[in-house]
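Just add 1490 to the spot in the sequence shown (first one is 1) and you have this note's numbering.
These are computed hints drawn from the structure, not numbers from a lab. Keep in mind the model is a prediction, meaning the values are calculated, not measured. Heads up, a few of these hints could be off.
[What the hints assert, rightly or not] Below, simulated BS3-like cross-link-like pairs (lysine-lysine); rule was C-alpha separation at most 30 angstroms, straight line: (1) K1628 / K1651; (2) K1746 / K1735; (3) K1735 / K1704; (4) K1746 / K1651.
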Amino acid sequence: MTSNYLNLITETIGSIGVLKINRPKQLNALNMETLIELERAVTEFDHQTNIRVIVITGEGEKAFVAGADIAAMREMTPTQADEFAHQGHRTMNTIEQASKPVIACVNGYALGGGTELALACDILYASDKATFGLPETKLSLLPGFGGTQRMPRLIGVARAKELIFTGKTLSAQEAYELGIVNKVIAHAELPSAVRSLAETIAANSPGAIRLAKKVINQGNNLSFQAALEYERTQFEELFATQDCKEGLAAFLEKRKPEFKGA
1491 MTSNYLNLIT ETIGSIGVLK INRPKQLNAL NMETLIELER AVTEFDHQTN IRVIVITGEG
1551 EKAFVAGADI AAMREMTPTQ ADEFAHQGHR TMNTIEQASK PVIACVNGYA LGGGTELALA
1611 CDILYASDKA TFGLPETKLS LLPGFGGTQR MPRLIGVARA KELIFTGKTL SAQEAYELGI
1671 VNKVIAHAEL PSAVRSLAET IAANSPGAIR LAKKVINQGN NLSFQAALEY ERTQFEELFA
1731 TQDCKEGLAA FLEKRKPEFK GA
């Protein structure tokens, strides 16, 4: 476990890179410095060849990320608010566009920017004590870190509008039923469940996962036929890799494959 950051704790567990938002006294609220550090830490893990999966969680028992830092926002000018939102977009886009899978381990409050951070991740496991929501309109704000765009794409426009217009909070189970959360886990079992998921993913071909993520993400912005064509080109690309040869050979030889990421 290392502390090269002011507001983050980073840890490497085998081939898993873990990032903890470390502002427990502020319920891990996101300020400008934390957003910048999070962008940098995700980028660093993404560039490390020994890391195959990234996990993001919150330090402490109460919060994943309770939202943006309201105390800091209160003093912002419109120009500073624009810079804050721009950095929020950069950070969430870095997570979403990382070549490696990113798992949100939501261990408590995930409101406002916390929900937006979770939405930028590929897979979302939540404690049964977690709470979600985009309550910004109650403060005469709107979600500024991508929530107005990612939430409608995930659960549909009408449901997203209802959440944002009312500022309603959701239990983990309600978020699961809407399709926001992949799985709800008993609070004490969440870390082990997320680690098991990460290890399962890490055992598969990193190159195949990288291209699968890329095709899924980019395909959402293409016509269906164009997305199918893009899928075909990436399928072809994998056949030039050693890992593809290893995976096919291991299957036929009834043994466990040894993927090298090549």
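Here is what the structure says about each hint:
1. A threshold of 30 angstroms between alpha carbons decides the hint, and for K1628 with K1651 the separation of about 14 angstroms falls inside it, so the pair holds.
2. Taken as a hint, the K1746 and K1735 pair is honoured in the structure, with Cα atoms around 13 angstroms apart against an allowance of 30 angstroms.
3. Of the pairs offered as hints, the one joining K1735 and K1704 holds, with about 21 angstroms between alpha carbons and a cut-off of 30 angstroms not exceeded.
4. Note on K1746 and K1651: the hinted pairing is violated, with a Cα-Cα distance of about 47 angstroms set against a maximum of 30 angstroms.
Hint compliance for this structure: hint 4 is the single one not met.
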